[in-house]
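J.: Here is what each chain is made of, one letter per residue.
2 protein chains.
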Amino acid sequence: MTETIQKIVSAIRQSNTILITSHEGPDGDAIGSSLGLAAFLTAIGKRVTVHLADPVPELYRFLPGADAICSNIPDQDFELAFVLDVGEFRRAGKQFGSFTRISHTINLDHHLTCENFGAINLIDEKAAATAVLVWRIAKSYGFRADYDTATCLYVGVLTDTGSFRYSNSNREAFQVAGELVEQGGLNAWSIAEKLYESQPRKRLELLAQSLPTLEFVKDGRVASITVSLDMYSTTGASAELTDGFINYPRSVAGVEVAILFRQIDKARYKIGFRSKGLVNVATLAQAFGGGGHHNAAGGMVDGSLDEVKRIVYGAVEAVQW
Amino acid sequence: MTETIQKIVSAIRQSNTILITSHEGPDGDAIGSSLGLAAFLTAIGKRVTVHLADPVPELYRFLPGADAICSNIPDQDFELAFVLDVGEFRRAGKQFGSFTRISHTINLDHHLTCENFGAINLIDEKAAATAVLVWRIAKSYGFRADYDTATCLYVGVLTDTGSFRYSNSNREAFQVAGELVEQGGLNAWSIAEKLYESQPRKRLELLAQSLPTLEFVKDGRVASITVSLDMYSTTGASAELTDGFINYPRSVAGVEVAILFRQIDKARYKIGFRSKGLVNVATLAQAFGGGGHHNAAGGMVDGSLDEVKRIVYGAVEAVQW
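So the sequences go chain by chain: A and B.
Using this note's numbering, you'd call the opening residue of the first sequence number 1 and step up by one each time.
Using this note's numbering, you'd call the opening residue of the second sequence number 1 and step up by one each time.
Calculated from the structure, these hints are not laboratory results.
One should not assume that every hint holds.
All copies of an identical chain are treated as equivalent in the list; a pair is satisfied when it fits inside any one copy or across any two copies.
[To be verified] Pairs of lysine-lysine, BS3-like flavour, derived with a Cα cap of 30 Å:
1. 194 to 218
2. 218 to 202
3. 309 to 194
4. 202 to 276
5. 202 to 270
6. 276 to 126
7. 218 to 276
8. 202 to 309
9. 126 to 194
10. 126 to 139
11. 276 to 194
12. 94 to 126
13. 126 to 7
Next comes chain A alone, as it looks inside the complex:
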């Protein structure tokens, strides 16, 4: 590990033009680790370009450097490219996949399944976030975090650990957060306020309509809520604002499986599943043409809401646990 980091530090020292990219549909760690690495490299005098195939969600646009992210890679040579948080190379996007004007590629990731596609690969599935790996490199370089670097890397750690609630919140995750807060002079609340206390009004209005559809089945061990097309039209909210809604039924004591029914057409529903651990919802989702992970999965079912509920509840009832 230390040897790999030394190789990366050497590569940084020998390069001047550096390209950084991450995965499609970027999340807090993809954006935070990319921008944090960019802030560090810029601070030590490198010419840095950050490319992301997809736009930065509104939530993360406050991050220093977010405005300079380019959706098209400039047609120039780069001595070095960093690919961050990308388990499968193709997820870096088409444009990067076919871009050849790079001398060396370094791959930083914390996914167990990461492909070793770089000239140097720093893969550590014990790292809570890719931002943690970036911080290991910056520290090895002897860098003391400035405000911009610290803010971006902190957001990477904060979001990938679910505000330090997920089981990946290990010693190093806390250690890194503490160092970033101190060195960067960060105020944890002013960052948390932007991420967790600034939801669009329409989102809360949509939640206010959806939450009364709360339903419990299987002796309270399964709970669901529903979002209908009607709710979108009366609130003016878009479907992406339902992100996180499924956490409400999941948050109830005794609930093991939470379900979100999201209407996407007159007689068609997207089904989201969350498990607290006992039930493998990926298997459940497969029955509905979908998939996912043990604790988070999704599928699709055609029918009226009543029909869809009957089918999905039936499948959940059949699971033994």
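Start from chain A and add chain B according to the hints.
T.: Just chain B now, with coordinates in the frame of chain A:
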């Protein structure tokens, strides 16, 4: 500071029977720091009694040692008493206030206004939680956290920092959390699940009824929700379950002041106020016979809901910011 801690470590070495107490209406840090200190002292061979004037809320009953907390102080001599997280001595409760069979009292607190009522006072308002002070002492003693000690102290830090979101989430808070997670072999998720993912079903049902009352005034800079007596009776939820409801209107972008109208009688409402920082809601609350802090305050208004809203919105509209 170091000298004070050395004095405390000496006092611990010289004592065998130790009483620990904290404030009335105990929260996560009061309970977590008390039980964490008790676990540490028990592990090093002391005879420890934890006394709290009020019952431990359901939420915290999973903490190791919570069952052994006594509401009545046993009639015996104690060589040492620790008073934790108690800004004003009277908040330790009547029974402790009049209890005299203690040789020495040590006062651990992180409130700016703490009275120096102990023979030794370790007061540090920069500490994120009283649990942080307990950990400083245990470390100075040379103690490596076991599971029980780590769990209790971690919960103290976690709850007093609002899951590491408040501005008191400083370097030491993260450092302590990291050490506790590692030494105690904690799974951050299994603790977070108990605190944040196990709300009573009735609470979410009450929220589902309350959230549709969401209202915005003053160009969306003020938002309110209401809980009526009707909602309690249809859901069977008690008033204490509304704890945290006010965070929903507060969490909307652009909202500076959030209000919770809680009906407590046919024509009487408790008013809760939260500010994101610009407005001092303590001043607002004073107009309604209440008070509080800059960012969190409350009062009481008589009248029908319409009347109460007119009065309260009028007062908020009048504030310049």
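J.: For each hint, tell me whether it holds in the structure or not.
T.: Now for the hints, and whether the structure bears them out:
1. 194 to 218: between (38 Å within a copy, 21 Å between copies)
2. 218 to 202: between (32 Å within a copy, 17 Å between copies)
3. 309 to 194: For residue 309 and residue 194, the Cα distance is within 30 Å only across copies (29 Å; inside one copy 36 Å).
4. 202 to 276: For residue 202 and residue 276, both the intra-copy (28 Å) and inter-copy (19 Å) Cα distances are at most 30 Å.
5. 202 to 270: Both, since 21 Å and 27 Å are each at most 30 Å.
6. 276 to 126: This pair counts as within: shortest intra-copy Cα distance 21 Å, inter-copy 36 Å.
7. 218 to 276: Within one copy, since 15 Å is at most 30 Å while 41 Å is not.
8. 202 to 309: both (26 Å within a copy, 22 Å between copies)
9. 126 to 194: both (28 Å within a copy, 24 Å between copies)
10. 126 to 139: both (18 Å within a copy, 26 Å between copies)
11. 276 to 194: Both. Shortest intra-copy (27 Å) and inter-copy (11 Å) distances satisfy the 30 Å Cα cut-off.
12. 94 to 126: Classified as within: same-chain Cα gap 29 Å, cross-chain 50 Å, threshold 30 Å.
13. 126 to 7: So residue 126 and residue 7 pass the 30 Å test inside one copy only (20 Å; across, 40 Å).
Checked against the numbered hints above, the structure violates none of them.
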